[in-house]
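A.B. asks: Read top to bottom, the protein sequences are chains A and B. Using my numbering, you'd call the opening residue of the first sequence number 1 and step up by one each time. Using my numbering, you'd call the opening residue of the second sequence number 1001 and step up by one each time.
Hint data in this document are derived by calculation from the structure and do not stem from the laboratory. Just to be clear, a hint being listed does not mean it is correct.
[Claimed, not checked] A short list of chain B residues far from chain A (calculated; beta carbon distances all over 12 Å):
1) V1048
2) A1133
3) S1184
[Claimed, not checked] DMTMM-like cross-link-like pairs, simulated, lysine to aspartate or glutamate; straight-line CA separation at most 20 Å:
4) B:K1018 with B:E1178
5) A:K155 with B:E1126
6) A:K155 with A:D62
7) A:K98 with B:E1126
8) A:K98 with A:D121
9) A:K171 with A:D130
10) A:K105 with B:D1137
11) A:K169 with A:E179
12) A:K155 with A:D130
13) A:K155 with A:D197
14) B:K1046 with B:E1118
15) A:K171 with A:D134
16) A:K98 with B:D1137
17) A:K339 with A:D307
18) A:K105 with B:E1126
19) A:K105 with A:D130
20) B:K1148 with A:D134
21) B:K1179 with B:D1189
The structure displayed is predicted, hence computed values, not measured ones. Glycine included, C-beta positions come from ideal geometry on N, C-alpha and C.
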Amino acid sequence: MSSEIHARFHIDRRDFSLDVDLQLPGRGVTALFGHSGSGKTTALRAMAGLERAPGGYFAVGDEVWQDESRGLFVPPHRRSLGVVFQEASLFPHLSVRKNMEFGQKRAPTVALGPALPEIADLLGIAHLLDRSPDQLSGGERQRVAIARALLAAPKILLMDEPLAALDLKRKQEILPYLERLHRELAIPVVYVSHAPDEVARLADHLVLLDEGRVVASGALNDVLSRIDLPGAFADDAGVVIEACVAAHEADDLSRLEFPGGAIYVTRCQAAVGSWLRCRIHARDVSLALVPQVQTSILNCVAAIVVDLAPTDTPGHVLVRLDVAGEPLLARITQRSASKLDICPGLALRAQIKAVALLA
Amino acid sequence: MDSTAYSADFAAVWLTLKLATVVTLLLLVIGTPIAWWLARTRSVFKGVVGAVVALPLVLPPTVIGFYLLVVMGPHGPLGQLTQSLGLGLLPFTFPGLVIASVFYSLPFVVQPIQNAFEAIGERPLEVAATLRASPWDAFWSVAVPLAKPGFLSGAILGFAHTVGEFGIVLMIGGNIPEKTRVVSVQIYDHVEALEYAQAHWLAGGMVLFSFTVLLALYTFNPARRKTP
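Isolated chain A, as found in the complex (with noise of 0.2 Å):
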């Protein structure tokens, strides 16, 4: 596939090495995730280019930008990339309107970018065009900061933890407009996080990195539904599904429907026929052999075992569901294990004591 991206960087310093080869889908939002000192900022910023790895490769679609077996390394300004970084590092010199203006009258005029009205509406700062960086709140700023990366027409959009300098409460600000973002850009998006819910939250395709290693790579829930990935997650192990938005019913819960059957959840905002992403975390699955009847656990879906594997807890195993082709994750305990005689093919049925609405 021609759009696809590929990145091969190898960097090593004294203190850190970073070592990867990754090829990531060209359409939608690959997050690298990791710990500090995972590598995962040093990665996006050798895609950028501010980072020179000796050796690198990194291609977008058709465009080489870096291929130092043949001497090429286009230098960041001649680059069609747009980055965000932590802090929104607007110039305070400039006026928001002059600050978004400043990659858009810099691209080639070939490179037909959205116009800034479109851009500032879809962001919700129409009305801070005139104001000063200064005036500006955390969360404004980095939605400015994101239309100033988005008008310079890139062909790839790379963020740096965007959200990690702000409170809660302006990640929840700015999280619906990332979702626009996600659902309207036509783009591919690198999202370096090491927030677990921004991820499940906004990625289509997950890249773990440990130690500046890749340890895990692929589609979201592909990643999350490995067992055999012990301490990535922790205590967040889990998967994410996609679920429609059915019915609201009289007693305050919606029924969402999913491939694997209809879970309810507390009534949600969403309009009926939407699409959420809802996280559901092992720890609040667990296994009966038989359906149950005598429980207060709405939730209750068909699953085969696919596998099973012990985790960090002690006395804990992650068992590995398939329900109707997507994977749930269960943390159950060992001994539960043994005495219902959990293998892999044994068909169950998984109850869900909670689904966290992503939305």
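Position chain B against the provided structure of chain A, taking the given hints into account.
C.D. replies: Here is chain B on its own, set in the frame of chain A:
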């Protein structure tokens, strides 16, 4: 005190302002690239160049004056160059005075600008690069506007320091009315000739000028804005 004495004073004031203006403009042109290089380089020569630029801060003006005389003199390399170009010799001329002053005031212009460039940090320039600004473009559209307070301080200090120099003027410029006799030298002449009244006018004017300049520098120089 006759009117010619006053006109000599005015000539000295005029010459001083002309010298300081020319020197300040030249220093902004010469000092900016030096400050930029010093602020951004990781070269091993950074220390050496920084020390050379700072030398006038510690050396007596007579030392700099002496070496400049040697270099610009008939047997010095610069002297031979100017002679072969048919420009004659630089010592005891206004251009010679300008060159000497540029050397002597260099650190006063370079250091504030360098500090301002350093305070900008890497990030705004990286942002500019990812927004397709070439390094040259980013220098003018981001670095210079953000370093404006540093340029202001550098220009004011360079101007004021040039107005205030004495030793190097005497050595390179001598004391030629309307050519090299600046205010500080004129005051010296007045005192030598026991013309205290005239010395008072000029000396008091210098104090007032210097105080005003420094007051402006410390009062109006905006505190570095927080980078959003």
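A.B. asks: Would you pick out the hints that fail for this structure and give their numbers low to high?
C.D. replies: 2, 9, 12, 13
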